[in-house]
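Assemble the whole structure, with the sequences as input and the hints as a guide.
For the sequence shown, numbering that gives the first Met the number 0 assigns the number 0 to the initial residue and increments by one for each residue that follows.
Derived from the structure by calculation, the hints contain no laboratory data.
Treat the hints with caution; some may be incorrect.
Stated by the list, open to error - Derived DSBU-like pairs: lysine-lysine, alpha-carbon spacing no greater than 30 Å straight-line:
#, residue 1, residue 2
1, 178, 160
2, 27, 5
3, 146, 178
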Amino acid sequence: MNFFQKTDIGLKRENNEDAIGVFTNKSKETLAMIADGMGGHLGGDVASNIALELIGRSFEQTDLLSAQEFVNWLDPELFKVNDTIIEMSQHKVNLYGMGTTFVGAFLSLDQKIVFANLGDTRGYLFHEGTLNQITVDQTLANELFYKGELSAFEAENFPKKNIITSSLGVDKRVDTIYKTLDFMAEDKVLLSSDGLTNMVSDDVIAAKLGSDLAPEQMVNELVQIAIDNGGLDNVSLILGVNDEGSDQS
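Structure (structure tokens):
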């Protein structure tokens, strides 16, 4: 299993509030994560890095985890991170209101992949030439769509489509969505901040992932397309390639 990652500040932001990383535990299982920070003068950067560092370092101390054991481990970790961000934002004026979205992908030794997400930072699985969004965008537009109050077209063009309904550091609720799937040989996993997915269509992403490009070049070119299309936000992605199927490294 090989991972390729990149983050770029984009063209319009003063700071890069995305935090990305790939961590390995004692059993050589892998957790890839992206947190997209928000709020406060410098708070977004602080919140996203708190999430990555606390969860990543804790994961490194774990041993062999099944998919369900990972979920049982991650859930309380996210609550701890949530409390830490809230407490810090309440004691430092310039960090007040900070928070972060979160997406993680856990690769177990038994060829399972677990996606976990809060907010609109996405996780995709590319399998047999098809790109599937596995995570669910926790946004106001998506919520109204699932309630039948907006059509797909209306949700896509909703004026407040970027309002998220779940995150870390905003309130005591941590409504993480988990999805577990088989992870097959030649599959690819893609995690991305909305700085990519708001600028680059799923069709373009799928075409890149299905091309003959080296994975590192896929990552570089997807980031560049987002920049060329406006670069309105920080752009971050992690691409994992299951190039052996039965071996994770």
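Hints, one by one, checked against the model:
With a C-alpha separation of about 23 Å, the suggested pair residue 178 and residue 160 falls inside the 30 Å cut-off, and the hint holds. Restraint check: the Cα-Cα separation between residue 27 and residue 5 comes to about 22 Å, which is no more than 30 Å; the hinted pair holds. A C-alpha spacing of about 21 Å is found between residue 146 and residue 178, which places the hinted pair at or below 30 Å, so the restraint holds.
Violated hints for the displayed structure: none, as all numbered hints are satisfied.
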